[in-house]
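*Asks:* Sequence:
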Amino acid sequence: MAAMLQSSAKEDLPPPLTSTSELPPLFDGTTRYKGLQDKIKVVAIDLADRPAWYKEKVYPENKLPALEHNNQVKGESLDLVKYIDSNFDGPALLPDDSAKKQFAEELLAFSHAFNSAFFSCLRSKGHVSDEAAAAVDKIEAALGKFRDGPFFLGHFSLVDVAYLPFIERFQIFYHGIKNDDIAKGRPNLNKFIEEVNKVSRSTDIHKPNWSHSFCLLK
-16 MAAMLQSSAK
-6 EDLPPPLTST
4 SELPPLFDGT
14 TRYKGLQDKI
24 KVVAIDLADR
34 PAWYKEKVYP
44 ENKLPALEHN
54 NQVKGESLDL
64 VKYIDSNFDG
74 PALLPDDSAK
84 KQFAEELLAF
94 SHAFNSAFFS
104 CLRSKGHVSD
114 EAAAAVDKIE
124 AALGKFRDGP
134 FFLGHFSLVD
144 VAYLPFIERF
154 QIFYHGIKND
164 DIAKGRPNLN
174 KFIEEVNKVS
184 RSTDIHKPNW
194 SHSFCLLK
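Using the numbering used here, you'd call the opening residue of the sequence shown number -16 and step up by one each time.
What the hints contain is simulated information worked out from the structure, not anything from laboratory work. Even for Gly, the Cβ is constructed at its ideal location relative to N, Cα and C. Fair warning: there could be bad hints in the mix.
What the hints assert, rightly or not - With a straight-line cut-off of 30 Å between C-alpha atoms, the simulated BS3-like cross-links for lysine-lysine are:
1. Lys65 <-> Lys174
2. Lys128 <-> Lys65
3. Lys128 <-> Lys167
4. Lys161 <-> Lys181
5. Lys108 <-> Lys57
6. Lys128 <-> Lys84
7. Lys46 <-> Lys65
8. Lys65 <-> Lys121
9. Lys40 <-> Lys83
10. Lys57 <-> Lys46
11. Lys83 <-> Lys108
12. Lys65 <-> Lys181
13. Lys167 <-> Lys46
14. Lys121 <-> Lys108
15. Lys38 <-> Lys57
16. Lys83 <-> Lys174
17. Lys83 <-> Lys161
18. Lys181 <-> Lys128
19. Lys174 <-> Lys84
20. Lys57 <-> Lys83
21. Lys83 <-> Lys167
22. Lys167 <-> Lys121
23. Lys57 <-> Lys40
24. Lys65 <-> Lys84
25. Lys84 <-> Lys40
26. Lys121 <-> Lys161
27. Lys46 <-> Lys84
28. Lys40 <-> Lys65
29. Lys84 <-> Lys167
30. Lys167 <-> Lys181
31. Lys57 <-> Lys84
32. Lys65 <-> Lys38
Said to hold, decoys possible - Computed Cβ-Cβ distance ranges for the label pairs, DEER-style:
33. Glu39 <-> Gly137: 14 to 20 Å
34. Asp29 <-> Arg106: 18 to 24 Å
35. Gly159 <-> Asp29: 19 to 25 Å
36. Asn53 <-> Glu88: 24 to 30 Å
37. Gly127 <-> Lys181: 29 to 35 Å
38. Lys181 <-> Lys128: 20 to 26 Å
39. Gly127 <-> Asp79: 19 to 25 Å
40. Asn98 <-> Gly137: 22 to 28 Å
Generate the whole structure from the sequences, applying the supplied hints.
*Replies:* Printed below as a string of structure tokens:
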């Protein structure tokens, strides 16, 4: 049986803010990301009932996730991860190797097509579409490019941060809705999932659930 990604039971987020919630104090916080426990606060937002002040006073584009730092609010998940990696201390999420950096950019550019293929298939009837199967086959091949570790660039990187939440959700959804295990018959993806589970069990650093979050940095 292919490995299944384990959910992050350690993540202890506050209740999501709704339309009746007040604007939280800025530049305050606690969370676990790149060792920034004293610099980041993750604030969950209810997407179905988000507070009006979020668009009016925080982020006019009204999208999540978003991050506030130095009196500026930034959006887009990949841009946020790159920003944090470039502007704060902690383990680097991109290697110095030029070939790996170029491959990282290619994979990050593909992430939108990967997510679109899977979401489209989830909304359709029947079995897994050829488009979704081709997308996960590309991920399987990408995970086998570098042999110095089980992750996309060998060692854990920004690319893993970008793909991990979606691979986790797609694996669960496809198993329940399509009766299909996306890791079955794909040894590189299976190994990737096994190693991610080891990391999440042995450390307090698992991917943050930013999909519904507004992050504050002091």
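*Asks:* Would you mind marking each hint as holding or not holding in the structure?
*Replies:* Hint-by-hint comparison with the structure:
| no. | hint | verdict |
| --- | --- | --- |
| 1 | Lys65 <-> Lys174 | holds, 26 Å |
| 2 | Lys128 <-> Lys65 | holds, 22 Å |
| 3 | Lys128 <-> Lys167 | holds, 19 Å |
| 4 | Lys161 <-> Lys181 | holds, 27 Å |
| 5 | Lys108 <-> Lys57 | violated, 37 Å |
| 6 | Lys128 <-> Lys84 | holds, 13 Å |
| 7 | Lys46 <-> Lys65 | holds, 18 Å |
| 8 | Lys65 <-> Lys121 | holds, 23 Å |
| 9 | Lys40 <-> Lys83 | violated, 39 Å |
| 10 | Lys57 <-> Lys46 | holds, 10 Å |
| 11 | Lys83 <-> Lys108 | violated, 38 Å |
| 12 | Lys65 <-> Lys181 | holds, 25 Å |
| 13 | Lys167 <-> Lys46 | violated, 35 Å |
| 14 | Lys121 <-> Lys108 | holds, 23 Å |
| 15 | Lys38 <-> Lys57 | holds, 13 Å |
| 16 | Lys83 <-> Lys174 | holds, 20 Å |
| 17 | Lys83 <-> Lys161 | violated, 34 Å |
| 18 | Lys181 <-> Lys128 | holds, 21 Å |
| 19 | Lys174 <-> Lys84 | holds, 22 Å |
| 20 | Lys57 <-> Lys83 | holds, 26 Å |
| 21 | Lys83 <-> Lys167 | holds, 27 Å |
| 22 | Lys167 <-> Lys121 | holds, 14 Å |
| 23 | Lys57 <-> Lys40 | holds, 13 Å |
| 24 | Lys65 <-> Lys84 | holds, 12 Å |
| 25 | Lys84 <-> Lys40 | violated, 37 Å |
| 26 | Lys121 <-> Lys161 | holds, 20 Å |
| 27 | Lys46 <-> Lys84 | holds, 28 Å |
| 28 | Lys40 <-> Lys65 | holds, 24 Å |
| 29 | Lys84 <-> Lys167 | holds, 29 Å |
| 30 | Lys167 <-> Lys181 | holds, 19 Å |
| 31 | Lys57 <-> Lys84 | holds, 23 Å |
| 32 | Lys65 <-> Lys38 | holds, 24 Å |
| 33 | Glu39 <-> Gly137: 14 to 20 Å | violated, 45 Å |
| 34 | Asp29 <-> Arg106: 18 to 24 Å | holds, 23 Å |
| 35 | Gly159 <-> Asp29: 19 to 25 Å | holds, 24 Å |
| 36 | Asn53 <-> Glu88: 24 to 30 Å | holds, 26 Å |
| 37 | Gly127 <-> Lys181: 29 to 35 Å | violated, 19 Å |
| 38 | Lys181 <-> Lys128: 20 to 26 Å | holds, 21 Å |
| 39 | Gly127 <-> Asp79: 19 to 25 Å | holds, 22 Å |
| 40 | Asn98 <-> Gly137: 22 to 28 Å | holds, 23 Å |
Taken one by one, the earlier hints fail for this structure at numbers 5, 9, 11, 13, 17, 25, 33, 37, listed in ascending order.
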